[in-house]
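Engineer: Work from the hints to combine the two standalone chains into their complex.
Respectively, the protein sequence lines represent chains X and B. Everything in the first sequence is counted per the numbering used here, starting at 3 for the first residue and increasing by one. Everything in the second sequence is counted per the numbering used here, starting at 0 for the first residue and increasing by one.
Just so you know, the hints here were simulated from the structure itself, not pulled from any lab data. Being a predicted model, the structure only gives us computed values, none of them experimental. Fair warning: there could be bad hints in the mix.
Cβ-to-Cβ under 10 Å is the rule here; a few derived chain X residues that face chain B [what the hints assert, rightly or not]:
| # | residue |
| --- | --- |
| 1 | GLY53 |
| 2 | PRO68 |
| 3 | ALA97 |
| 4 | GLN110 |
| 5 | LEU116 |
| 6 | LEU118 |
| 7 | GLY122 |
| 8 | ALA145 |
The following label-pair restraints were derived from C-beta to C-beta distances [unchecked claim]:
| # | chain 1 | residue 1 | chain 2 | residue 2 | range |
| --- | --- | --- | --- | --- | --- |
| 9 | B | THR37 | X | ARG111 | 49 to 55 Å |
| 10 | X | SER236 | B | MET0 | 49 to 55 Å |
| 11 | B | ALA127 | X | GLN134 | 32 to 38 Å |
On the chain X side, residues computed to face chain B include the following (Cβ under 7 Å) [said to hold, decoys possible]:
| # | residue |
| --- | --- |
| 12 | ASP23 |
| 13 | SER25 |
| 14 | LEU54 |
| 15 | ALA55 |
| 16 | ARG77 |
| 17 | ALA81 |
| 18 | THR83 |
| 19 | VAL87 |
| 20 | GLY91 |
| 21 | ARG106 |
| 22 | GLY176 |
Idealized CB from N, CA, C, for every residue including glycine.
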Amino acid sequence: MSTIAVEALTKRYGTVTAVSDLSFELAPGRITGFLGPNGAGKSTTIRLLLGLAAPTSGRATINGRPYRELRDPLRRIGALTCPDVFHPGRSGRTALRIAARPARIPGQRVEEVLELVGLGGAAHRRAGGYSQGMRQRLALAAALLGDPETLVLDEPANGLDPEGVHWLRGLLRGLADQGRTVFVSSHLLAELAQTVDDVVLINHGRLVAAGPMGDLLGRAGAASLKSFFLDATSPDAPPAHPAPTRARSLS
Amino acid sequence: MRSLVSAELLKLRSTRSAWIPLAAALALAVVAVLASTTAAGPDATPHLSPATLPGLLRGSGGQFVDGAVLLCWIVLSAGEFRHRTAVTTFLAEPNRLRVVSAKLIAAALTGAAVGLLAEALSAATSAAALSAHHVPLAWSQPGVLGAVTAVPLLAALFGMLGAGLGLLLRHTAAALGLALMWVFVIEGIIPALTHEPGIIRWLPEAAANAVLHGASPAATTLSAGAALAVLAGYAAVLAGAGAALTVRREIGTTTG
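If we strip away everything but chain B, and leave its shape as in the complex, we get (with noise of 0.2 Å):
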């Protein structure tokens, strides 16, 4: 298994399409965390204080370092049918059901290792813009934990439903469009269709929201833990289903 989850990450490091949306998240991660801090201060708005940092480390890495690694695996999983190289993954491993443990194991790495250094990226910057306002850095109050441990988590199963999700369409125009609609279009509407505005906390950008930025006061969003469990459940259903339907399927060789 160590040596398909290697191979895996081999083709994540040889595709540019899909690396550089990781950079970019970092590089965001860095940029936020500025932006955040530039216009503030002590006596300012958004008021500054040892408090502040733990939404710093949770907003800025969090969202974007999700995006970039859902996308990256799309890119990586559908792309392997789009441009064939399919053949020579299963010529290598005809176990369909290893091939796709490992697929599901190297995006849940990825999605640990780059959310981690967005949170190191994160604290860094915050350290320094915080010091630079003569805020006081706080390091061991309760958040800064959680803030570091769910970013990495969440991106963890945001790798795992980009992997499903391109295995399971295929396509990756079709897996990058659903993903864009699920979360700017159809997460939105789903409780005016359903007529249940309760059921947007389970669904999955809600979920996230939750994670990154905590439970609402109004309680229309699930606690941090449930939340992930939530998270876990669909990165399991995409993945499974995925893995069912590359497990049956045919691969594509020629088009005569």
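So here's chain X without its partners, still in its complex pose (with noise of 0.2 Å):
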């Protein structure tokens, strides 16, 4: 069964279309790359999966079910939105505790969190005295709080270092090869080519392509990612998937 599924998705903002008729579905184990132009709709996208905006038209479901009905959501899926959701006065460690107590998620999670994320001796530090890859990181650290078996993570790797980047591209990889599902979206096409196994490549809210990173290239001939990103998205390209996109499965 998909952990995530997108089904004919539409969202609106008076005369805007900000995402349309958008269908994909994703399955456990793999790394997936969510890619677009800015505008794209990417963000909406993982708004709307998230609940954090309301559909026009259409779902987007985890294992099934609307992220509003889920119960226990952190534990069934891992968010990273935006660094910037931490008040500047709080602790790192503060911070997730806040963000585990609905979940009745236990401190010694949150120290683990922290260790892993790289942040265990700044977690007593305030937030907002962090770098912008510290930040990046405690979101990171919010979105395992659960150990969710799906996580969605908007451009994960903004603000980290080099060695940062390395490090995110080792630890989504152990989490796709533990069987979880892992939903990336991101402008480094050159650091995504490195980590994906599938694209979701969207333009204008639509579906441009959908499948394995390997499958998509090789069809278009494309050298690289970029390549193949640059061509799909140009003014010129043909629409790739006229209205009403169908759900795909990517594995």
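Structural biologist: What follows is the structure in structure tokens.
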């Protein structure tokens, strides 16, 4: 059973359509890159998936249920939407304790994830004094709190130094190898090419391509993920998926 | 629900700008009693007598605590959107009505606890001050129990008013500005604007004063019970509107 399913998802803000009839499915045990130019609708899709915004039509589900209907959501899905979701006056440890408390996640797990993301020594410091990379690591720690089977990460490498990016790649691969579903949005195409198994590419809110990265690059005759991305999202590119777009499995 | 309320109280304990006003209000509760009693004596004006005690208990803790609890919960609830901590809050508990309920319960608990503490401090300070002036302490007189009950109840309602206003406006400065404007300007001019002088008694600040200081002889204020009910109505309306908008509105994550 797929962990994430997006079915004919549409979101309009007045006359602007941010996401249009978008459909795709993700399977466990794989890392899927979520690609698209700025304003393509990636962050909106992630917010719809996480119940932070309501779709105009269609649905996005985790194990068959919309996020808002999940019981104990932190143990099902871990999400990183933005590094700046912590009160600057609270310590990293307190910020995670606050996030953990509604799910009754014990303090021991808070310490574990702080160590896992390399913030054990800085956990007592205020989040407002953290660098962007440290805030990103704290947000990643929050996503990992419930030891979830699915991870949704919006630009997780933003602000990380090269060592941090390398560490993140290893972490995500390890999580996928444990059978978890990892869904990563990023603009760092060269880095993503070394990390992901599958790709979902959108533009103007619509699905452009979805499938295993090797298959997509091979069919398009692209030498790299970057050239595939640029060709598929150029203004001259033909619409790859005229509406209505059907859901497709990536595994 | 207990874990959600506990998370809200942890947010309060870990937010300096929220608990410092509460600490200041408790300090002022002591200072106000000292200020009232230092200049007075059995033969001076104001005259100190056993009947002074209820007034000291109502007046000293009440107003400072109400304002501090209101400020505290505006900062906490509107601050969720200012600092985008609402994202982690609603990811952990996507049932927004449960989150809003937890905030209101935590706000009421905060008010009640700080109100009781303020009364305890006022009572201890009053006892010391009155004893120093050789004024007998009459704890069983009418008015003492009323003061000790009214101050925490009122503070609990002001906590809910603050939480509701913060959720409704989602903007800390706007919510604080509106609260201050209401107390110092708006409530005062409403009777003139409406040409209804009697309307004042139904407004929040006047109702709070009626609870703290009792009905005036000219009957321009409500009775304490009616005033509490009016304030409960305002708290319910603000909390309900805040809850309705919180359930409906989107939670922003990025500016891009």
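Engineer: Provide an ascending list of the numbers of those earlier hints which the structure does not satisfy.
Structural biologist: 4, 5, 6, 7, 11, 12, 13, 16, 22
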